[in-house]
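Chemist: Read off the chains here:
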Amino acid sequence: MSKKVTFSELIKAFAESNGITQQKAEEMIRGVFDLVIDDLEKNGKASITSFGSFELKDVAERTGINPQTKEEIVIPAHKKVSFKPFKALEQTVNAPFAGLEPTLLGEKSGTETEETTAKAEKEQEPEVFEDPFEEVIKPADEQADEAETPDSVEEEAEEEQEESEVEAPPVFKAPEKEKGNEVSWVFIVLVLLIAGTGIWFFFLRDSDPGNMDNVVAGNQTPAQQQAEQVEKVPPAETPVKEEKTSEASAASSETKNNVSAEPAVQKEKPAPKEMTAYIIEKDEWMWDISREVYGAPYLWPLIFEANKTVNDDPNLVEPANTLMIPSLEGSSANLTKEDYAKLAKATKLVSEAYAKSGNSERAKEYSRFAAKYERHSKN
Amino acid sequence: MNKSETIKALSERLELTQTQTEELYNSLVSIFTEHLSNNNGFSIPDFGSFSSEIREEYKSYNPHYKQMMLLPKKKVVRFSQSSALKDEFNEVEL
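Chains S and R, in that order, give the protein sequences. Sequential numbering of the first sequence, starting at 1, is according to our numbering. Sequential numbering of the second sequence, starting at 380, is according to our numbering.
One thing to keep in mind: the hints can contain errors.
As the list claims (entries may be wrong) - Pairs of lysine-lysine residues, derived as DSS-like cross-links and limited to a Cα-Cα distance of at most 30 angstroms, are as follows: (1) R:K382 <-> S:K79; (2) R:K445 <-> S:K80; (3) S:K79 <-> S:K3; (4) S:K24 <-> R:K382; (5) S:K4 <-> S:K79; (6) S:K3 <-> R:K445; (7) S:K79 <-> R:K445; (8) S:K79 <-> R:K465; (9) S:K80 <-> S:K3; (10) R:K453 <-> S:K70; (11) R:K387 <-> S:K337; (12) S:K3 <-> S:K42; (13) R:K465 <-> S:K42; (14) R:K382 <-> S:K84; (15) S:K3 <-> S:K87; (16) S:K4 <-> R:K445; (17) S:K337 <-> S:K4; (18) S:K45 <-> R:K445; (19) R:K382 <-> S:K356; (20) S:K42 <-> R:K452; (21) S:K80 <-> R:K452.
For the record, the hints were derived by calculation from the structure and aren't laboratory data.
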């Protein structure tokens, strides 16, 4: 999967993007790494700003086997340069998998591992086991239900969650199904807690510059839209896995309905870009995803545009990647002018990407599409 | 050596102003980052090579929760030093 870029290609790209001679470009790159070497010699460590740090490490003596002669040899103690990427680089590179979270496998707890909710779990042992299921993928129709009836009493939501609980590992069959109505105030507190931690988590994420915003928080309409779009899709092909989004909005609406204990700033914080996260299943291409999410496969350039960093070649998508799905203004059957403008831009990008990866026929095809969409956006 | 010192040293070497050098430096880093996030590895002569690869999900013990934990897939940057760099910091055996 991993390709190699030669040094001369690197120099060329660098020179072109900055309008300098290739000689200068090479000098620059070599200069940067010469300085790193100098620094390593002097201090034993060095760093390249917003890239990563290098450190000289001692490697102890060990015995190895010569693979050719099968002879045992002693590898003497030596020094080795190690590299550690900085957070910015790490996050940019890991962008396609940014939506994935570590999960606990133990018997006691569920799949939730965010620190905040884990803390909450400790405080309120039995009930909070629902929380994991907020994060767990739900069937599309259920999501639609939730989004349609945001005003529903939280007990309804609880019941829904408990339904999903039954399918889950038996550990989570908490006794509160019977308790449900009687101790509803407990639920109110609980839901608040969940919503609070959820919002806090998303808020933290939003403020993180390296992360793409994959969340629609505090804003109900995109989720509803999403849900409508999901409904259009025939049920046979709707294992739509939209993480968290409708959950988040549902949670925040619940907070509004119950008690407004959360600071208003967090609740009403508008999502900068209306995006939702989507985890690719195996052998699924953006075409299929677009059909599932929008109900129309030809809208996939929008997804491609939103995920430029995923891959250069539009034909290659890594399985289990998380994609950002931008939401539409209109619906897939009835696109607004702005949607068309967006689509035209995205299609142009696809065409460029195809041209880059050497698929000139496709590139032409998509540039024609782009022109068509552009006309639509003007009429 | 921090960034400004690096920029200063580089600008002397390249005979450019510090502003220009800083622009170049930032663009270089962003080119590196872009290549790595597009799965393109690259190598710097006499230094080493950078590449990105997908680390599969794995199980690990989390001492805080005292439980096993499933860590998800992640795309990570790898660096491997060139033999020239190795020789730089080690006495070369003849």
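Chemist: Each hint needs a verdict: does it hold in this structure or not?
Modeler: Checked hints:
| no. | hint | verdict |
| --- | --- | --- |
| 1 | R:K382 <-> S:K79 | 25 angstroms, holds |
| 2 | R:K445 <-> S:K80 | 34 angstroms, violated |
| 3 | S:K79 <-> S:K3 | 29 angstroms, holds |
| 4 | S:K24 <-> R:K382 | 20 angstroms, holds |
| 5 | S:K4 <-> S:K79 | 27 angstroms, holds |
| 6 | S:K3 <-> R:K445 | 40 angstroms, violated |
| 7 | S:K79 <-> R:K445 | 36 angstroms, violated |
| 8 | S:K79 <-> R:K465 | 7 angstroms, holds |
| 9 | S:K80 <-> S:K3 | 25 angstroms, holds |
| 10 | R:K453 <-> S:K70 | 36 angstroms, violated |
| 11 | R:K387 <-> S:K337 | 50 angstroms, violated |
| 12 | S:K3 <-> S:K42 | 34 angstroms, violated |
| 13 | R:K465 <-> S:K42 | 16 angstroms, holds |
| 14 | R:K382 <-> S:K84 | 17 angstroms, holds |
| 15 | S:K3 <-> S:K87 | 23 angstroms, holds |
| 16 | S:K4 <-> R:K445 | 41 angstroms, violated |
| 17 | S:K337 <-> S:K4 | 41 angstroms, violated |
| 18 | S:K45 <-> R:K445 | 35 angstroms, violated |
| 19 | R:K382 <-> S:K356 | 34 angstroms, violated |
| 20 | S:K42 <-> R:K452 | 37 angstroms, violated |
| 21 | S:K80 <-> R:K452 | 27 angstroms, holds |
Consistency note: the structure conflicts with the earlier hints numbered 2, 6, 7, 10, 11, 12, 16, 17, 18, 19, 20.
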